[in-house]
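Asker: Each chain, letter by letter, is given below.
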Amino acid sequence: MEYIYAALLLHKAGKDVTEEAITAVLEAAGTEVNDARAKALVAALEDVDIEEAMATAAVAAPA
Amino acid sequence: MEYIYAALLLHKAGKDVTEEAITAVLEAAGTEVNDARAKALVAALEDVDIEEAMATAAVAAPA
Amino acid sequence: MEYIYAALLLHKAGKDVTEEAITAVLEAAGTEVNDARAKALVAALEDVDIEEAMATAAVAAPA
Amino acid sequence: MEYIYAALLLHKAGKDVTEEAITAVLEAAGTEVNDARAKALVAALEDVDIEEAMATAAVAAPA
Amino acid sequence: MEYIYAALLLHKAGKDVTEEAITAVLEAAGTEVNDARAKALVAALEDVDIEEAMATAAVAAPA
Amino acid sequence: MEYIYAALLLHKAGKDVTEEAITAVLEAAGTEVNDARAKALVAALEDVDIEEAMATAAVAAPA
Amino acid sequence: MEEVHHTEHVPQWKKDEVEDIKEHINKYPLFGVVAIGGIPAKQLQKMRKGLQGTAVLKVSRNTLIRRAFDESNEDVNKMHEYIDSQTALIFTENNPFKLYKILEQSKSPSPIKGGAVAPNDIVVEAGPTSFPPGPILGDLQSVGIPAAIDAGKVVVRETKTVAKEGEVVSQKLASMLTRLEIYPVTVGLDLRAVLESGSVFTPDVLAIDESKYFSDIVLATQQAFNLSVNATYPTKDNITAIISKAASEARNLGINATVYEPDIMGSLLGKAQSEMLSVASAASANNEEAVDDELKE
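Chains as they are written, first to last, in the numbering used here: chain Y, 16 to 78; chain V, 16 to 78; chain X, 16 to 78; chain U, 16 to 78; chain B, 16 to 78; chain D, 16 to 78; chain A, 5 to 301.
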């Protein structure tokens, strides 16, 4: 989930969620970054309304 | 919520959630860091089992 | 999700989920394989107990 | 479940779920293919709506 | 309500909920203290398990 | 939660929720006050309508 | 090709028929042995037409079928045991499971004949019939059907089992059942076995439980989704769930650990307020004077 938290952090900070930005955040946390995972995340986020997706958390059904 | 995302990122990456680490992560994300918020976060998490706290539904949870 | 199904197939077949294996399965299905996605999947599964992860409900407890 | 995973992989990849396609995918995964099972699957899927089953999965309580 | 807040504050801080303690807290908040009410509250809470009573507040405010 | 109770107490008493006021209340309760948490709380409450947040809880609270 | 040193005379048409069966066996990748007992000739004709383009139905004498099997390869010999009275062969290029499904779907309920054995319990349901009062009443009663007159119509007073599975149905009962439009017999091409590439498939294998496939697909979909989210492998299909999960975790942590973040202050205040109200109600239950007027409602 580190990659996701990084993406949400960037989003909340009002920054673009790019491969470079994710890499920078993760590296600052001292983790080794896997380029493919960063790429896959950015690709998956394309056209996604992060704000809306986060809002679904409040109403999501419990497991 | 940036501070919480930063804390979760560090936690998931297997790092200690310290003021310095949070500051580093937030700065890498391009945000200005408020020392008091970072300090307060670390203080709040001091005796908390992060893994458990993040998995426990906050709505129905007893105090 | 094709990549995930490929991973599940390999796992069930008792094979290691490697980039090569995923690529072979997807190619046999007639799809063009994106190296980064295959790599990202293998990285994501690295420390994951597949059996447990596939059986555990993915929806988090609501906030 | 390997046969089902193979079928869903093909379906998700936009391919027809034929006996040959299933056999190819399973063989690529290194499994020995039972012709009868592949045939039975193809016959069954003629009357089973994969899209509907997938939609059911999305709303049903997770496994 | 101030009296209850004061009581909960003391409870959460690990202090005994006494008339003197409630009075001290309320005075620090700049409120005039009604001795009878403070006495009545302390008496009323005597055989109440505060922790348990708080836990029944299962329905929290929406996000 | 002590800090939250202190804030609500001050609010109900018609006082401003400042760092100094929170500190005074908590100290009167005999707790050691973490400056950063008090600061963070005040900052977090800046744009929050306390009255409204309390009202939503009142509606949902058990009898 | 044919060596004729039999002393017995075999008519040419029989020889042709056997050859024809053998040719069919060789030409098609699979064939089945089908029971056609109880199918009226007219209905059989209709079924044969219905199969056009899917399968070829060949009705022949058992002796000729046996001879054709004997003269074919060893695999075909495995099919001998499925030849019984009134047998036909069916040839197709289809998948054996599909063939079975098609034949099952073509079966239809039919009246039972007098003297036939009940294939399962035959039940007459309570309720009205379409008959006006008349001799039918006595006819129904005489075969044990509890008939009566009600509101100018013949009715069946109570649900009754008129024949148990395995019992012989009398001529009279059979005709009453038919008049009541109760059709206890399923008539159709009954596939006994299929031979494909040396393997014999019988109905216990050929019958597909489609609901099982449906539920397996549901399960597989859930497993894939769970794995993809739990392992954090983001795709278009699951990214919303992954973000939602991360956001929930962050909120849970924030509220449970009381982290003062603007986004969750409303929840924290609400939680504190709820706790206060609960404790207030516990206190006022002991002493009303313990709480202020605002809380006495």
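Keep in mind that the hints are not guaranteed to be accurate.
Keeping only pairs whose Cα atoms sit at most 20 Å apart, straight-line, the calculated SDA-like set for lysine to any residue is [claimed, not checked]:
1) X:K54 - Y:M16
2) V:K54 - D:K30
3) A:K157 - A:P137
4) X:K30 - U:E66
5) V:K54 - D:E61
6) A:K111 - A:E129
7) B:K54 - A:E292
Interface residues of chain A toward chain X, partial, derived using beta-carbon atoms under 8 Å [unchecked claim]:
8) K26
9) H28
10) V233
11) N234
Read the hints as simulated data drawn from the structure, not as lab findings. Even for Gly, the Cβ is constructed at its ideal location relative to N, Cα and C.
Asker: Determine for every hint whether it applies to the structure shown.
Answerer: Hints versus structure:
1. Taken as a hint, the K54 (chain X) and M16 (chain Y) pair is honoured in the structure, with Cα atoms around 17 Å apart against an allowance of 20 Å.
2. The suggested pairing of K54 (chain V) with K30 (chain D) is violated, with an alpha-carbon distance near 26 Å, which exceeds 20 Å.
3. Proximity of K157 (chain A) to P137 (chain A) is assessed by CA-CA distance (about 6 Å); at most 20 Å being required, the pair is judged to hold.
4. Between K30 (chain X) and E66 (chain U), the direct Cα distance comes to roughly 28 Å. Violation of the 20 Å bound is thereby established for this hinted pair.
5. Of the supplied pair hints, the one linking K54 (chain V) and E61 (chain D) holds, its CA atoms being roughly 18 Å apart against a limit of 20 Å.
6. Pair hint K111 (chain A) plus E129 (chain A) does not hold up; C-alpha atoms about 23 Å apart against a cutoff of 20 Å.
7. For a cut-off of 20 Å, the pair hint linking K54 (chain B) to E292 (chain A) stands: about 12 Å separates their Cα positions.
8. Look at K26 (chain A): its Cβ only gets to about 39 Å from chain X, farther than 8 Å, so that hint breaks.
9. A hinted interface residue such as H28 (chain A) counts as satisfied when its beta carbon comes closer than 8 Å to some beta carbon of chain X; here the least separation is about 35 Å, so the hint is violated.
10. The restraint placing V233 (chain A) at the interface with chain X holds, with a minimum CB-CB distance near 4 Å, inside the 8 Å limit.
11. Checking N234 (chain A) against chain X by beta carbon gives a least distance of about 4 Å; that is within 8 Å, so the hint holds.
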